[in-house]
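Chemist: Once you've looked at the hints, dock chain R against the given chain X.
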Amino acid sequence: MREGHFGFLEALSLMVIVLINKIFFTSPMLLIEKLGTSAWLGTLISCLASLSFFGLLYLLMKRFNGQDLFQIFETVTGKLVGRGLIFLISLYFLYYTAINAQEFAAILKAYSLPYTPIYLIVLPLLVIAAAMAYVGLEGIARVAYVFVFPIFGGLILILVLAFPVYDWDYLRPLFGYGLDTTIVVGLLRSSAYSEIILLAIIINSIHGLKYFRRVGISALLICGLVFSLCCACILAAFQYPSSSEHLSGMFHLSRVIYYSRFFQRIEAIFLFTWVFASVITIAIGFYISLKAYCRAFLIKNHRSLLLSFLLLTSAVCFLPRNFPEILQIHVRIIREFSFLLIYLIPVLVLFVAVILKRGGTSDDKSL
Amino acid sequence: MVSEKKKQQSPILKILSLITYKKTNRPRTFVLPEQNEGQEGREKSHNYQASESRGNEETQTGGKKRTKMLRKPLSPSQVKSGRTDVNEVKKDIDSNLEVIKQQFNVPQNKDLVLREFIIAQDKRGFIAYLDGMVDKTIINEHILRPLFDLSASDLAGDNNSNTLALENIVETNDVKKLKNFKKVFAEILKGNTVLYVDGLDYFLACESIGFEMRSIETPKTEGVVKGSQEGFSENLRTNISLIRRIIRNKDLISEFFEIGEKSSTTCAVVYLQDLINPSILKEVRRRISSIKTDFLVSSGMLEQFIEDSPYSIIPTTLSTERPDRTASHLVEGKAAILMDGAPFAIVVPVTLNEIMHSPEDAALKWQYATSLRFIRFFAFAFAALLPGLYLALTTFHREMIPTDLLIAIAEAKENVPFPTLVEVILMELGFELIREAGIRIPGIIGNTLGIIGALILGEAAVSANIVSPVLIVIVAATGLSNFAIPNYSLAFGVRLLRFYFIIAGCFLGFYGLALALVVFVLMLVNLKSFGIPYLSIVAPRNKKSKDAVVRWPIWMQEERPDYLNTLDSRRQPEISRQWTQEDAPEPSGAGRNKDQGPAQQAPAGRNQNTGKEKESSD
Numbered sequence: 001m002r003e004g005h006f007g008f009l010e011a012l013s014l015m016v017i018v019l020i021n022k023i024f025f026t027s028p029m030l031l032i033e034k035l036g037t038s039a040w041l042g043t044l045i046s047c048l049a050s051l052s053f054f055g056l057l058y059l060l061m062k063r064f065n066g067q068d069l070f071q072i073f074e075t076v077t078g079k080l081v082g083r084g085l086i087f088l089i090s091l092y093f094l095y096y097t098a099i100n101a102q103e104f105a106a107i108l109k110a111y112s113l114p115y116t117p118i119y120l121i122v123l124p125l126l127v128i129a130a131a132m133a134y135v136g137l138e139g140i141a142r143v144a145y146v147f148v149f150p151i152f153g154g155l156i157l158i159l160v161l162a163f164p165v166y167d168w169d170y171l172r173p174l175f176g177y178g179l180d181t182t183i184v185v186g187l188l189r190s191s192a193y194s195e196i197i198l199l200a201i202i203i204n205s206i207h208g209l210k211y212f213r214r215v216g217i218s219a220l221l222i223c224g225l226v227f228s229l230c231c232a233c234i235l236a237a238f239q240y241p242s243s244s245e246h247l248s249g250m251f252h253l254s255r256v257i258y259y260s261r262f263f264q265r266i267e268a269i270f271l272f273t274w275v276f277a278s279v280i281t282i283a284i285g286f287y288i289s290l291k292a293y294c295r296a297f298l299i300k301n302h303r304s305l306l307l308s309f310l311l312l313t314s315a316v317c318f319l320p321r322n323f324p325e326i327l328q329i330h331v332r333i334i335r336e337f338s339f340l341l342i343y344l345i346p347v348l349v350l351f352v353a354v355i356l357k358r359g360g361t362s363d364d365k366s367l
Numbered sequence: 001m002v003s004e005k006k007k008q009q010s011p012i013l014k015i016l017s018l019i020t021y022k023k024t025n026r027p028r029t030f031v032l033p034e035q036n037e038g039q040e041g042r043e044k045s046h047n048y049q050a051s052e053s054r055g056n057e058e059t060q061t062g063g064k065k066r067t068k069m070l071r072k073p074l075s076p077s078q079v080k081s082g083r084t085d086v087n088e089v090k091k092d093i094d095s096n097l098e099v100i101k102q103q104f105n106v107p108q109n110k111d112l113v114l115r116e117f118i119i120a121q122d123k124r125g126f127i128a129y130l131d132g133m134v135d136k137t138i139i140n141e142h143i144l145r146p147l148f149d150l151s152a153s154d155l156a157g158d159n160n161s162n163t164l165a166l167e168n169i170v171e172t173n174d175v176k177k178l179k180n181f182k183k184v185f186a187e188i189l190k191g192n193t194v195l196y197v198d199g200l201d202y203f204l205a206c207e208s209i210g211f212e213m214r215s216i217e218t219p220k221t222e223g224v225v226k227g228s229q230e231g232f233s234e235n236l237r238t239n240i241s242l243i244r245r246i247i248r249n250k251d252l253i254s255e256f257f258e259i260g261e262k263s264s265t266t267c268a269v270v271y272l273q274d275l276i277n278p279s280i281l282k283e284v285r286r287r288i289s290s291i292k293t294d295f296l297v298s299s300g301m302l303e304q305f306i307e308d309s310p311y312s313i314i315p316t317t318l319s320t321e322r323p324d325r326t327a328s329h330l331v332e333g334k335a336a337i338l339m340d341g342a343p344f345a346i347v348v349p350v351t352l353n354e355i356m357h358s359p360e361d362a363a364l365k366w367q368y369a370t371s372l373r374f375i376r377f378f379a380f381a382f383a384a385l386l387p388g389l390y391l392a393l394t395t396f397h398r399e400m401i402p403t404d405l406l407i408a409i410a411e412a413k414e415n416v417p418f419p420t421l422v423e424v425i426l427m428e429l430g431f432e433l434i435r436e437a438g439i440r441i442p443g444i445i446g447n448t449l450g451i452i453g454a455l456i457l458g459e460a461a462v463s464a465n466i467v468s469p470v471l472i473v474i475v476a477a478t479g480l481s482n483f484a485i486p487n488y489s490l491a492f493g494v495r496l497l498r499f500y501f502i503i504a505g506c507f508l509g510f511y512g513l514a515l516a517l518v519v520f521v522l523m524l525v526n527l528k529s530f531g532i533p534y535l536s537i538v539a540p541r542n543k544k545s546k547d548a549v550v551r552w553p554i555w556m557q558e559e560r561p562d563y564l565n566t567l568d569s570r571r572q573p574e575i576s577r578q579w580t581q582e583d584a585p586e587p588s589g590a591g592r593n594k595d596q597g598p599a600q601q602a603p604a605g606r607n608q609n610t611g612k613e614k615e616s617s618d
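Quick note, the sequences are listed as chains X and R, same order.
Counted the way my numbering counts, the first sequence spans residues 1 to 367.
Counted the way my numbering counts, the second sequence spans residues 1 to 618.
By construction, these hints were calculated from the structure, which means they are not laboratory data.
Just so we're clear, the structure is a prediction, and the values are computed from it rather than from any experiment.
Heads up, a few of these hints could be off.
With a straight-line cut-off of 27 Å between C-alpha atoms, the simulated DSSO-like cross-links for lysine-lysine are [unchecked claim]:
no., chain 1, residue 1, chain 2, residue 2
1, X, 210, R, 544
2, R, 528, X, 300
3, R, 110, R, 176
4, R, 179, R, 123
5, R, 91, R, 123
6, R, 190, R, 177
7, X, 210, R, 543
8, R, 183, R, 110
Chain X with its partners taken away, still in its complex shape:
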């Protein structure tokens, strides 16, 4: 897939935003629920596990230098199976986009817009995602670069301004429910970083392997650290029993900021931060889903399918009947089990390529 070119910082911004977006929603809550006070450590383990998967992905991309993931699927497994895999990726990202949009809308409704119908929150979001997909990958990456500063600025501001409410003793015991539980859950939740696969899909737009490795490792490390820091701050502010009940830990953190009568309840300002992050995440998910579909069925112009995909995503978006269903089933699928699809498929393809001796130079084949 190649649509325009962008540099290292644009690619890094895009990946960091996509990876970090979940921190604003239910992810910290679910993680704290499972790991207690060691949530901050669990996410670091997930990050390390994702780094190892990314290493395998890098080997695959290196073996087929100059090709994106979809081309590699076709080269290794043949056109029919390859296109089937691409279609699978398209379906996953369609689902990912819809559930992310629904999760975002549900949180926004719960905290900020209680009287606004949920479809009025979701539809503008999806329409703008479609508009961004219309513009293309380069446009999305540039928008990501422009908004990475307010997003990170907002995040840092929340963490810093909430400093007076932190009690670091709340982080004890450091290993929560035990180190073994932390490691197991941490490994299982490596799916939380599964969006890193996007880099393999857009590799030709980011000047190939050189930036692929740099962007991938940097994005994973930054997000792992930020995620861990945010979890630690949420725990330090609310203690783990309360933290595991807050739908959005970061939102609560911004709500407790209090300096004087004139500097309090400023959480609404940080809405900008999560809206920017969510729009970009949903837009890239929507775009990749659409492009993958076009690739699977050899459709040249993705713009002609925008409206159909918009309707399709909206339909999937409204599949969950209520918020608990989103949390217990759909978000869990994406953040806990998606690695089965996202990480395992490329790894399997890599093994098939090694076994069938496809792609790469003679040195690479020694893998």
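Modeler: Below, chain R alone, put in the same frame as chain X:
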């Protein structure tokens, strides 16, 4: 007779005449002739049609019944084709005279002056010019007088010798031999005088432009405290000379183009040949030369013809009326487009950063300029977002407002019957109304009325409980911020953007504003100005500029903007203040000559010697 006849009519007839039908003689009304009718009309002069015959759309031609079809009006070129089509100048004076008369519609057209004469006893000739466009002193003193002073011997010989003699006889500074009528007409239309002498196969165009024009004045919309006070005028040549006075460089090129089938407006593309990227120049030439229109009168019209994104609300070209600003952009490696009759230069390509710069920035110390730029960027954000933010805050996110302030706002709004959206829209429209009226009302009354109108209207609106006082503050702050935007077109765009953000904030609060911002940024990152991304430096990220938002000290600005890919990217050497690398002269000491200025005291040793010498001489 008529009165007698009326008297003779019986009362019965009179009554009957009131109720009986009488055919009225209505005057003929004008009907625009169709294409085929127009052609016939010229021959038969039946443009005026009886009203009775309207509706009779069927005519008989050659025995066959034919339905008249609606056709397009004649195009200007088709109208022209009815005239004698001549390109080459003939050797016969009568034919050439006839062509000029025909083309300029003499005698209906009273502007064209044709002065026929006989020189050197038997040679017929004439000059032609447009009255009011020429300097008559030049014609009288430097064209006609030398011709009348000619003797027969001066023109003796064959045609070729005549040619040479005629060019040397006329005493104007610029003469051109023209063998093509199109060029002859173009020269007359510019304000030059054409001269023809019987037997020649060309016209001689003599420069005699001399119409009234506005003198150079202070820029009206880009005033500065510290900096040049000269602005462009309507004369193209004067404007180019103003730039040349600043950039005295042999590589400063000005190329001319004629645009407009009817207006034949002259446009100039000015650039520095050793700097500008040839691709940009080629694109500028391509866009300008491919414009096909009949009329072009302002640089704003030209902008619309050449800009990349006509649907963008934000301008992608920079319009300036300052020669110094134009020159500074030319030295960056850009092109300036000037137009005859327009006191503005269009600079291309530009980025949003550059549009936000003020002409004064370069003249100020970097700390002042940088702080002013931050203020301008804040003003941009305020002007676009403030009413939307207020609306979102008071409608959706009241918890953010401190309680005391919230109570004050609620109290002020208690008696206002309208929703906040209506209040905001009313006030914004009122403000726009005052601004527009202030521009239309002539002279100083306009400004006064603007201020008084705003004060009275605001006060009255608050007293009448139409709007709340807080909103007056919001709208006033928004208006002020809008005036702080240094570019008129951009300020206009922001005025419209404000309503977009008001709607977004009104319906979805901060969420709506954030979405609207994403769309706005998406639009910005996709804009281009002559192939250069509009958000260059930020997205796509280029080499760090030292004159984007933060203006670094002038001696640190060593390179030209990276995104322009100029032929010479270096503006100045790494060490531009070379005196910092040199030893300062030693203090001159007690023997310093007080009469000498600092420049004369440079070499310390010599200075001391001079002092000593002076002392000794004293």
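Chemist: Does residue 528 of chain R pair with residue 300 of chain X here, judged by a C-alpha cut-off of 27 Å?
Modeler: 25 Å, holds
Chemist: Is residue 183 of chain R close enough to residue 110 of chain R, meaning Cα to Cα at most 27 Å?
Modeler: 21 Å, holds
Chemist: Compare the distance between the alpha carbons of residue 110 of chain R and residue 176 of chain R with 27 Å, and conclude whether the hinted pair is satisfied.
Modeler: 26 Å, holds
Chemist: With the threshold set at 27 Å, check whether the alpha-carbon distance from residue 210 of chain X to residue 544 of chain R stays at or below it.
Modeler: 22 Å, holds
Chemist: Would the hint linking residue 179 of chain R and residue 123 of chain R be met if the CA-CA limit is 27 Å?
Modeler: 20 Å, holds
Chemist: Sort out whether residue 543 of chain R lies within 27 Å of residue 210 of chain X, counting only the CA atoms.
Modeler: 20 Å, holds
Chemist: Need the status of pair residue 190 of chain R, residue 177 of chain R: alpha-carbon distance at most 27 Å?
Modeler: Within the cut-off at roughly 16 Å; holds.
Chemist: Checking one constraint from the list: CA of residue 91 of chain R to CA of residue 123 of chain R, max 27 Å. Satisfied?
Modeler: At roughly 13 Å apart (the allowed maximum being 27 Å), residue 123 of chain R and residue 91 of chain R satisfy the hint.
Hint violations for this structure: none, all hints satisfied.
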